[in-house]
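For reference, the chains in residue letters:
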Amino acid sequence: MPEFLQFTFSGLTVGAIYALVALGFTLIYNASDVINFAQGEFVMIGGMVTFFAVAAGIPLPVAALIALVTAVIVGVLLHQLAIEPAKGASPVTLIIITIGASIFLRGVAAVVFDKNYHSYPAFLGSEPIRIGGATILPQSLIVLSGTLAIVIALWALSTKTMIGKAMTATAANRLAARLAGINTAAIVGISFAISAAIGAIGGILVTPITLTNYEVGTLLALKGFAAAMLGGMGNPLGAVVGGLIVGLLETYGAGYISSAYKDAVAFLVILGVLFVMPQGLFGKASIERV
Amino acid sequence: MSALATHGIGIDFGGVRAVDDVSFSVKRGEIFAIIGPNGAGKNTLFNMISGLYQAPRGKVMLEGRDVTNLPAHVLAQRGLSRTFQNLQVFFRMTALENVMVGRHLHENRNVLAHLFRLPSVVAQNRASRKRAEGLLALVGLSEIGHRPAGELPYGALKRLEIARALAAEPKVLLLDEPAAGCNAVETAEVDAVIQKIAAQGITVILVEHDMKLVMKISNRIHVLDQGRTLAEGTAAEVRSNPAVVAAYLGAHAGGEAANAGR
Amino acid sequence: MQSFWRTYGIVLIVAAVVVALPFAVTSSFYLRIGALVFIFSLAVLGINLLMGFAGQVSLGHAGFFGIGAYAVAVLPTHFAVPSWIALIVGVIVAGLLAFVIGRPILKLKGHYLAVATLGMGILIAMVFTNEARFTGGPDGMPVPRLELFGWRVRGSEAWYWISGVTLVLAALLAVNLIDSPTGRALRAIHDSEVASRVLGIDVARYKLIAFVLSAIYAAIAGAYLALFDGLVTPATAGFLRSIEFVTMAVLGGLGSIFGSIVGAALLTILPQMLTVFHDYEHIALGAIMIVFMIFLRAGIVPSLASLFRRSPS
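Protein chains in written order, with my numbering: chain V, 22 to 311; chain Y, 21 to 282; chain L, 98 to 410.
Hints are computed from structural coordinates only; laboratory data are not their basis.
Quick reminder that beta carbons are idealized off the backbone N, C-alpha and C, glycines included.
Heads up, some of the hints might be wrong.
Claimed, not checked - Restraint-style ranges between C-beta atoms, simulated for each label pair:
#1 V:193 x L:404: 30 to 36 Å
#2 L:176 x V:232: 35 to 41 Å
#3 Y:168 x V:193: 33 to 39 Å
#4 V:152 x L:369: 55 to 61 Å
#5 Y:167 x V:177: 37 to 43 Å
#6 V:273 x L:204: 25 to 31 Å
#7 Y:139 x L:125: 38 to 44 Å
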């Protein structure tokens, strides 16, 4: 039982990061129908920039802020320079563009930073807390509560603010939103900025546990995508639930079956969802109208 | 035996009965028209008959055999072919190649033979090309066979789709708004093509909005309104049916219907 | 007769290039690059059949490439199978896997298909990384040289000719396929699946044919590379390699046989020439992908071709 609880804590922690990546996917997908494969790079930027800023002597909170701003700038540039110019392209073209952006950002990170693994001290110390025979790191609790805070903030944003409502409208019907006077291009840009921020925060919070490295973005993007698909592409609640489930499945799989194929779990989830229930847990099936 | 018949066919889209309990029977060699106001479900009906939508209710019979919910390519094998209202042309291929694709059912499908370009394949290509050229001539498109379909004007594309559908040598041909967007000259060309097709013994079922064309060439007309059958009969019968006039043409336009086809 | 040139012109040009190049360059360094270009062109030609003609995307084709590569490494090393038989086995395994996976996977479309193939490729690469007992794990394993009739095949010149001739044959088969009912069916599916169905084309069957053929091309290329290099690592089957293939195909021009070779040549030669800038390779690759997809979506060869066509003459 304690083992199961242990796995559950780890699974939820890493699942929270997948949930944040999946949320970022969902925001951008809803606003623009683009699957942003560079989503994982925002997490990488969050961790890497924070580490190098701290290593340069900057206090942690400021370093984290710098990392957040960097990620948002990268997100906006990504939209302006790579996505917006390719408007109207086929889904495959857009996928190639975002994969290209992901590879580009990885390459830049390898050159500007380095190829090593890095970390910085946990925010509230690293003394594990005992719960029910298992232990959980304080940082894990920070990750989980941070994720929860972000989800609540996003919900408040989309229901209580004009920008949020504009985003919801754009997601529901882009043309109608434009006709209603909403600047949909700006909305898409904002969704990129918010997704970048979410990803970066995830990276900042989780680095003390999982370490960071120029390469982490790729696998994270794929697992986040698996989570978004599992929850139902385009459904924010589904993204979060999907992320937690993927994290849990991965950890249980690694613990009980085989740790070598830990990363395979997310891909098996992708394939499973695509073949068995393509609309995901919370999505709706659709008919192609001729 | 009818060429094509439906029995109580129906489908819902999100709570709306797009097609509701529609039944009709088309005789061999007939020109049968399905008309109705926008949203009447004509297009949906066509898609169910041609295997593109699954019909949850009712049956479709092709030459007396139950073909309900068979996939489209199987229906094609059984002798059903169709054109599309929103033009599903192979834009990247030439007009000639478009029609050649229509010959697919009558070509040898051995991939290995194709890979190694056996003499049978060369002969096959030549035969298909000749057939395609003949069909392009039938619809009056001989001159532009070599041009990419993407460059052709709208009216030409509509006739191209007909040529392509004919290449499959169908027994029943579904024409989805063949005169849509056509001017008077183009409509007359479509009229002539349809008559040529019917003269070859092919059963033609068409969905169309152009009332003059419909009243002129159809043997029988089936009227739909809001997914349900409103009336069926000859042009004269339908034209003077008050329910049809009211639903379709509007009370004020009754005179137009009475004059159409005269 | 005119139709003969139109159909086979490309193949003859490719053959001419293959034959002429060794006379223009004598250094074995360039012959090695030539061999690499031909090998990658072979894989990209397969991808082009799938993406350019049938219109289906695969972001995991390095998986099949890797199967070919690891077959000629594992079978001779652990099971004393002669290399040329191992090559054939590898190709058959890749083809069978494509056949089995292809049926369900090709029901998907657009980005769902892209991600499913991505997942497939990564899973295959994962197996190669983890089953270290057979595959040597993350560091890979050496590949015994090919032996044909007692002759040890090694060296840039030998592989230049082997890969060049194979490429010409592969191009020949591709050209034959395109001008055939199967080719027309594939191109029709690309332009309108709905219309294809209605004309009696069994869309699922043809997508599968394209998928299996492209897997076979990739496996042969992978085996050649492994036998040429004498070494194979899991990166051969990795995500980045899959992306490189797709980029080469798109760069050169989807739907263009010559484009496959141009794209493969560009992305093979550039890194070789820029060895100094090895660290910047990824930055360059990413930037190229983005820029080309925005500005030159059709690819190099089709864009040049339409430029010539449009100029008044």
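(message) Let me make sure I understand: some of the numbered hints might not hold for this structure. Which ones are they, in numerical order?
(response) 1 and 5
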